[in-house]
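Letter by letter, the chains look like this.
There are 2 protein chains.
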Amino acid sequence: MSMRSFPLSKVYGLLETGPVVMLTTAQRDGTTNVMTMSWHTMLDFEPPLIGCVVSNRDYTFDILRKTKECVIAIPTVALAAKVVKVGNISGRTGIDKFEKFGLTPMPAARVKAPLIKECYANLECKVVDTAMVNKYNLFVLEVQKAWIDPARKHPRTIHHMGNGVFMVAGRTIKLPSKMK
Amino acid sequence: MSMRSFPLSKVYGLLETGPVVMLTTAQRDGTTNVMTMSWHTMLDFEPPLIGCVVSNRDYTFDILRKTKECVIAIPTVALAAKVVKVGNISGRTGIDKFEKFGLTPMPAARVKAPLIKECYANLECKVVDTAMVNKYNLFVLEVQKAWIDPARKHPRTIHHMGNGVFMVAGRTIKLPSKMK
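Respectively, the protein sequence lines represent chains A and B.
Note that my numbering has the first sequence beginning at 1, numbered continuously upward.
Note that my numbering has the second sequence beginning at 181, numbered continuously upward.
If you are wondering where the hints come from, they were derived from the structure by calculation, not from laboratory data.
It is possible that part of the hints are untrue.
35 Å max Cα-Cα, derived DSBU-like pairs, lysine-lysine [claimed, not checked]:
1. A:K180 - B:K360
2. A:K180 - B:K354
3. B:K265 - B:K248
4. A:K153 - B:K333
5. A:K180 - B:K315
6. B:K262 - A:K10
7. B:K360 - A:K117
8. A:K68 - A:K100
9. A:K135 - B:K358
10. A:K117 - B:K262
11. B:K360 - A:K85
12. A:K68 - A:K112
13. A:K85 - A:K117
14. B:K315 - B:K325
15. B:K358 - A:K85
Can you make the complete structure from the sequences, with help from the hints?
Have a look at this one:
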């Protein structure tokens, strides 16, 4: 895919439909990891703020708290099998999930965590608030830079319904909403 | 629709796909209101905790802070036009949106806020944490009782993509995920 810079003011539209995303991190020694995540919400439009839950049982939890950086990569249904495999195995095993599952890490502009080439959108994020981490595992992220594949006009995102059942994004409709 | 009690342990599956929902409230004098909301995430499985953003510009904001109760009602695409209308007008106008838009309020079991008969699922919620309200307009809700229409096997939920464009839930796929 080719990636084009995407306006921060439009990022909310990528996430508020509730897609399953992958979250990448990089440690100081350059080791990268990727996990799968479904619990996130927009918190503000611009700069885009995201609240996301990363369980304290996840390998990513400590890395995110320490490095305060990540990339949120949004896959489509074409990647669904890989997304599930990424979610089934912990980075604690030492396995390079990018290599094992054929995901291509790419350098980001503002953070050390990698973009994922196969994803239709990538959001470079800094952790800006950890006050809710102890109680809810809730990290507040600010999107600093966003990328999108301009060729994908109707990305078929996937949406977890529990226990491995995923809804695939269907048709779109336009209604006279005043909502931003 | 008929409504059947729905196990709290399964509530996360209703919300983590990111549907547009309606949020109802009731004031002490019995006045009810309903708003449209897209920014929410699960925070915990059981009891089900939800984080949701209600703007301090919304009429519901003060009511929610005072009454600490609400119902989250999940509509399908059949209600999309009404959902948009609910979102386009403020309760501050004094209009009874239930009556105006043909939504039927029904008594809830644990809260004074009404269920919406036409929605395929309804979640009775108490506000359990307001610590993040001042900074992020983020309310933490605990679902106390859940209802679902057992007849709807494949509810076509709607998912906001920004500016009145909505994705309609498409097909479902089952993958060998270890995710709950």
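Now for the hints, and whether the structure bears them out:
1. A:K180 - B:K360: holds, 32 Å
2. A:K180 - B:K354: Cα-Cα ~33 Å, so holds.
3. B:K265 - B:K248: holds, 25 Å
4. A:K153 - B:K333: This hinted pair holds, its Cα atoms lying about 29 Å apart.
5. A:K180 - B:K315: holds, 20 Å
6. B:K262 - A:K10: At roughly 25 Å apart (the allowed maximum being 35 Å), K10 (chain A) and K262 (chain B) satisfy the hint.
7. B:K360 - A:K117: Within the cut-off at roughly 27 Å; holds.
8. A:K68 - A:K100: Holds: K68 (chain A) and K100 (chain A) sit about 25 Å apart, inside 35 Å.
9. A:K135 - B:K358: Distance of about 24 Å is within 35 Å: holds.
10. A:K117 - B:K262: violated, 39 Å
11. B:K360 - A:K85: holds, 14 Å
12. A:K68 - A:K112: holds, 10 Å
13. A:K85 - A:K117: holds, 17 Å
14. B:K315 - B:K325: Satisfied, since the Cα-Cα distance of roughly 28 Å is no more than 35 Å.
15. B:K358 - A:K85: holds, 9 Å
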